[in-house]
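Residue-level listing of the chains:
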Amino acid sequence: MADTVIDIQDLWFSFGDQLVLKEVNLKVRSGDFVAVIGPNGGGKTTLLKLMLGLLTPNRGRIRVLGKAPRSVTQRIGYVPQDIHINKTFPISAMDVVLMGALRIHPGRIRQSCEDRVAAQQALDRMQVGKYNGTRIGKLSGGQLQRVLIARALVSTPDILFLDEPTAHLDSQGQSDLYELLRQLNESITILMVSHDLTMLSSYVKSVACVNQVVHFHDEAEITNEMVDMYHCPVELLAHGIPHRVLGKH
Amino acid sequence: MLESLQFEFLRNALLAGLMASVICGCIGTLIVVNRIVFLSGGIAHAAFGGIGIAFFFGIPFLAGTMGFSLLAALVMTAVTLRAKHRADTIIGVLWALGMAIGVILLDLTPGYTVDLMSYLFGSILAVPPSSLWQMLALGCVMIVVVRYFHYDLMAMSYDEEFARLRGVPVRFLYFLLVSMTAISIVLLMRVVGLILVIALLTIAPFIAERYSKSLYQMMLGSGALNILFTLLGLWLSYRFNLTSGASIILVAGFFFFISLLFEKRAWVRYCLRVTDHGEDRP
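Line order of the protein sequences matches chains U and L. For the first sequence, the working numbering gives the first residue as 1, with consecutive numbering after it. For the second sequence, the working numbering gives the first residue as 1001, with consecutive numbering after it.
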């Protein structure tokens, strides 16, 4: 059976007095495509940041690729939720993507020609290659989103974390992205925070429902247990196409 | 104007202005994109405490002022990194406290009255050659440091979280940036005054930011604009017998408003930035 790439044991986390996550146990296998769903404020982004080592748990243990999260960040790609951070910053799309290759090679803090070639390839792959010299403030939300995905891919990571990557894409862009993720998934493990549950059954392999506790389900469907106990698919019901997601019940 | 260059003090003033322009263009760019203008203002004013300490205890001016400013800067930075939501308050307190300590200690210093105005607006027409050499050294060191950490600084300034993921020593760079700011402010305050320092640090980068595609261009643009402001200001000051520092600031302010008119949306964007990301961030 495939290796475990993410292993979380009895994790607790709180911001000050506010408990965000409790008793989290999660094992993600290599090659998995996990959709992380749950209500707003349920702790999805927090869980992602814990796995990235940007936050430290109050209790419990996280192992990513068998090590502490902070020591493997070079092998992880990350697409943050807030893409509009610093939009007035004077930086070209190319330089943003090159950030993804920063310090990837130990002991070197400058970028090489290979890095530039890889960055251009990543931009091309996301269909924004012609914007390489464009300042990010002049890009649309969708274009910027693609640039940030290219930044996550340029280092050819083993695991890819995406925090609501479809938020700024139109429906065509969304299907393109899912198709691309499916291709990537042949070699990379993917964890994606998403509200867009209608796509779940066609692309993802498992679902993690986060609402203070985490319920992991190894198939691409939302179970009654999730609905009843964790109040998860609130958005699902609102979005209105439950048949594609819900299994027989 | 050219015939005035026969006076050594005017030549020195010009050289000091040019070097201050370049230094401020470089560090000011980093200050503006990292949104630590308020922190820099705090350091500049707290430096007054250092002036008071230097005179009262009779220690060398540069050592006293720089030591105190670095201390204040590091305290402010530590607070900013730890308790972001309280950072502006703490900076405000240290800002006022530093000035008060400076003024009181100068009051208590026997037989010596210092013209505080000269530290606010500087005395660029009375720059000693030693200051010129200090500025030259600082400028060279700063260019080397910024060049070495170029990509790291860019990554940290644009997206701190992602920079941390890529192993950029964000905390170290932040302290480095603030220390460079403190050292620059102290060296330049003596020459051009702290109000002019803050103007040179913020106005040119603000204007240059909109027309730059990279941090590097923004630094070059800010440096060039600062040189323009300084030359025009010095000329006005010479021609109409006005305070030099204030003249330079007026010229810079004039261009600031012209640039705002040039692009009407600037106000909207500026306001959005202030409301969205008003606080200083590490």
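Hints in this document: simulated from the structure, not taken from any laboratory. The C-beta atom is built at its ideal place from N, Cα and C for all residues, glycine as well. You may find that some hints are simply not true.
To be verified - List of simulated lysine to aspartate or glutamate pairs, EDC-like, C-alpha gap at most 16 Å:
no.	chain 1	residue 1	chain 2	residue 2
1	U	K49	L	E1160
2	U	K87	L	E1160
3	U	K87	L	D1107
4	U	K49	L	E1263
5	U	K205	U	D170
6	U	K67	U	D3
7	U	K87	U	E114
8	U	K130	U	D158
9	U	K27	U	D10
10	U	K49	U	D163
11	U	K205	U	E186
12	U	K67	U	D158
13	U	K49	U	D82
14	U	K138	L	E1263
15	U	K138	L	E1209
16	U	K49	U	E186
17	U	K22	U	D3
18	U	K22	U	D10
Stated by the list, open to error - A few chain U positions that, by computed beta-carbon distances, are all more than 12 Å from chain L:
no.	residue
19	F33
20	G41
21	G53
22	S71
23	Q74
24	R103
25	L169
26	E179
27	Q183
28	E186
29	F216
A quick look at each hint next to the structure:
no.	hint	verdict
1	U/K49 x L/E1160	14 Å, holds
2	U/K87 x L/E1160	14 Å, holds
3	U/K87 x L/D1107	48 Å, violated
4	U/K49 x L/E1263	39 Å, violated
5	U/K205 x U/D170	23 Å, violated
6	U/K67 x U/D3	13 Å, holds
7	U/K87 x U/E114	27 Å, violated
8	U/K130 x U/D158	27 Å, violated
9	U/K27 x U/D10	11 Å, holds
10	U/K49 x U/D163	10 Å, holds
11	U/K205 x U/E186	12 Å, holds
12	U/K67 x U/D158	13 Å, holds
13	U/K49 x U/D82	13 Å, holds
14	U/K138 x L/E1263	15 Å, holds
15	U/K138 x L/E1209	14 Å, holds
16	U/K49 x U/E186	24 Å, violated
17	U/K22 x U/D3	25 Å, violated
18	U/K22 x U/D10	8 Å, holds
19	F33	21 Å, holds
20	G41	19 Å, holds
21	G53	8 Å, violated
22	S71	10 Å, violated
23	Q74	6 Å, violated
24	R103	5 Å, violated
25	L169	20 Å, holds
26	E179	25 Å, holds
27	Q183	24 Å, holds
28	E186	24 Å, holds
29	F216	24 Å, holds
When held up to the earlier numbered hints, the structure conflicts with 3, 4, 5, 7, 8, 16, 17, 21, 22, 23, 24 and fits the remainder.
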